[in-house]
Amino acid sequence: MYQGIRIAGFGGQGVVSAGILLAQAGVEGKKNASWLPSYGPEMRGGTANCSVVISDGEVYTPIVAAPDTVIVMNEPSLPKFEPLIKKGGLLIINSSLINSRPTRTDIKSVCVPCNEIAEKIGMDRIATLVAIGAFCRLTGAVQVESVVHAMKKVYKRAKPEMLELNKKALEAGFEAVK
Amino acid sequence: MTEKTLRKGNEALAEGAIRAGCRFFAGYPITPQNEVPEYMSAHMADAGGAFVQAESEVAAINMVYGAASTGTRSMTSSSSPGISLKQEGITYLASADLPCLIVNVMRGGPGLGSISGAQGDYFQATRGGGNGDYHIIVLAPNSVEELGNFPKLAFELAEKYRMPCMILADGILGQMMESMSFNFDPIDPNQLGKFDWAVDINKNGRKKNNVFSYKGDNLIADVVERAKRYGYIEKTEPRFEARQTEDCDVLLVAYGLSSRACMEAVVKGREEGLKVGLFRPITLWPFPSEALRNAAKNAKAVVCVEQSLGQLVQDVKLALNGAKPVYLNAYPAGGQPDGGTILPAVKSALNGGTEGLFDLQRHAEGFSYECKRDTSLGIQGDWKGGK
Chain C
81 MYQGIRIAGF GGQGVVSAGI LLAQAGVEGK KNASWLPSYG PEMRGGTANC
131 SVVISDGEVY TPIVAAPDTV IVMNEPSLPK FEPLIKKGGL LIINSSLINS
181 RPTRTDIKSV CVPCNEIAEK IGMDRIATLV AIGAFCRLTG AVQVESVVHA
231 MKKVYKRAKP EMLELNKKAL EAGFEAVK
Chain D
31 MTEKTLRKGN EALAEGAIRA GCRFFAGYPI TPQNEVPEYM SAHMADAGGA
81 FVQAESEVAA INMVYGAAST GTRSMTSSSS PGISLKQEGI TYLASADLPC
131 LIVNVMRGGP GLGSISGAQG DYFQATRGGG NGDYHIIVLA PNSVEELGNF
181 PKLAFELAEK YRMPCMILAD GILGQMMESM SFNFDPIDPN QLGKFDWAVD
231 INKNGRKKNN VFSYKGDNLI ADVVERAKRY GYIEKTEPRF EARQTEDCDV
281 LLVAYGLSSR ACMEAVVKGR EEGLKVGLFR PITLWPFPSE ALRNAAKNAK
331 AVVCVEQSLG QLVQDVKLAL NGAKPVYLNA YPAGGQPDGG TILPAVKSAL
381 NGGTEGLFDL QRHAEGFSYE CKRDTSLGIQ GDWKGGK
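Chains as they are written, first to last, in the numbering used here: chain C, 81 to 258; chain D, 31 to 417.
In case anyone wonders, no lab produced these hints; they're calculated from the structure. Every clue listed holds true.
Derived contacts from chain D toward chain C, CB cut-off under 8 Å, selection only:
{"no.": "1", "residue": "205"}
{"no.": "2", "residue": "291"}
{"no.": "3", "residue": "368"}
Derived DEER-like restraints, expressed as beta-carbon distance ranges:
{"no.": "4", "chain 1": "D", "residue 1": "216", "chain 2": "C", "residue 2": "138", "range": "23 to 29 Å"}
{"no.": "5", "chain 1": "C", "residue 1": "238", "chain 2": "D", "residue 2": "234", "range": "53 to 59 Å"}
{"no.": "6", "chain 1": "D", "residue 1": "214", "chain 2": "C", "residue 2": "184", "range": "45 to 51 Å"}
Here a beta-carbon is modelled for each residue, glycine too, at the ideal position from N, C-alpha and C.
Given the sequences, and given the hints that come with them, work out the whole structure.
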């Protein structure tokens with residue numbers, strides 16, 4: 081298993097932090113993992129993205145130029161990242177905030193209304209975790225339990241009730257893509 | 031061995047240095063290495079050491095000069111343009127035979143360049159960026175794990191040979207997070223013996239020590255004597271990693287981050303039936319020339335993959351001395367290789383093609399240049415200008 085992932089969205093949606101969570105979840109699952117933020121000039125335009133690799137073997141370059149999976153959380157990220165995906169790869173779209181639809185037919189596209197699901201749970205801010213839950217089910221690269229374990233290490237100062245909400249968001253995302 | 035944890039490259043390096051007994055850090059902020067001084071500022075005092083945010087890069091390296099004179103494990107870190115500023119201090123440290131650690135988290139250049147990861151400072155690191163006949167030992171990590179574990183090796187080599195040692199990383203290695211573990215227990219520098227050359231409190235009535243960079247009339251003898259150490263280091267200290275080199279038709283040579291893209295090219299290439307191998311110098315000076323000759327023995331061609339415009343390739347050509355054709359797959363000024371961009375170069379090297387191979391003369395074909403001056407724009411020196 082070698083999964084190269086790009087997660088993209090607005091600054092503030094937590095896409096960079098969700099990437100760290102995924103990488104930590106990979107480590108929890110006894111896999112090798114890397115994470116790389118976009119720290120260059122492109123991140124000053126209001127959108128943020130990060131690269132994550134999860135691998136049973138070694139991680140090659142941490143720059144994911146041709147991702148196996150892309151998660152897009154906002155409208156401008158879709159046209160930017162859809163063309164990069166490997167043939168046969170996966171595209172997870174936050175349909176709550178993205179009205180456009182993908183144009184490629186050689187990839188699998190899945191729409192998840194992340195913000196609506198998150199609002200139902202009680203907090204709009206955790207929409208990106210809904211997408212991570214969907215990612216867990218669709219790829220099997222990491223287990224939801226690994227992400228839950230990872231949260232305790234990545235969000236060290238989070239209150240227990242906040243962790244509980246995050247867990248609910250993960251599970252709701254997992255269920256949304258049955 | 032401790033459990034693997036997810037760490038950022040720059041933080042692993044800083045923690046690794048403190049664990050290795052570093053008790054003096056001076057630096058000046060610059061992207062993409064800012065997490066190093068940030069981490070030091072938070073943790074160095076707890077370790078009983080001193081952290082100084084200096085007023086400039088030049089001040090920082092000279093503070094290291096002073097601290098190293100006392101035998102304290104001392105370091106500074108910066109990124110490419112900042113390392114250029116430190117060169118005067120580095121040549122003085124080399125002249126004064128002082129051990130220290132200098133970290134360069136490289137970014138795009140020349141000049142201010144960019145904050146992308148790059149490998150354009152190979153010449154500066156391996157040829158001596160300052161004036162005079164000197165070398166520094168240069169270690170090139172390619173993972174967060176090596177970033178964390180190399181400071182110990184760097185201090186040990188620097189102290190063994192009384193010379194500065196550099197860790198040459200790049201912006202991506204510094205910024206990335208990866209699972210890693212430290213392969214050594216924290217060192218308490220208060221348990222280490224003193225050096226007989228160090229300038230410190232002279233309690234026991236030993237002879238008076240002086241640290242000089244100025245050698246006066248003894249300069250020639252001093253430089254020639256020091257060169258014996260350099261020859262010994264070239265013979266005994268080269269470090270490298272060779273992968274699937276025994277049967278390879280094409281040998282890739284790369285260090286640092288580029289070598290990770292090459293690992294992918296080795297795996298993907300072999301899936302396609304191409305016999306690709308990888309040679310990774312871990313010490314850039316001393317360059318592992320003999321090991322490279324052995325690794326290239328059965329290869330039909332050698333391809334150098336570097337994030338610069340033909341620097342590492344010069345050492346590869348010197349080592350192989352015409353025995354094999356050597357080609358260049360280059361990604362200058364912040365460009366990034368991956369397996370998919372390296373394989374076309376491998377194929378070209380085998381079948382005489384040009385795709386993916388950089389050649390300066392071919393690059394300049396059909397190009398001409400002339401110096402243009404235009405008197406209608408005014409006359410140089412007539413600063414009043416206009417009418």
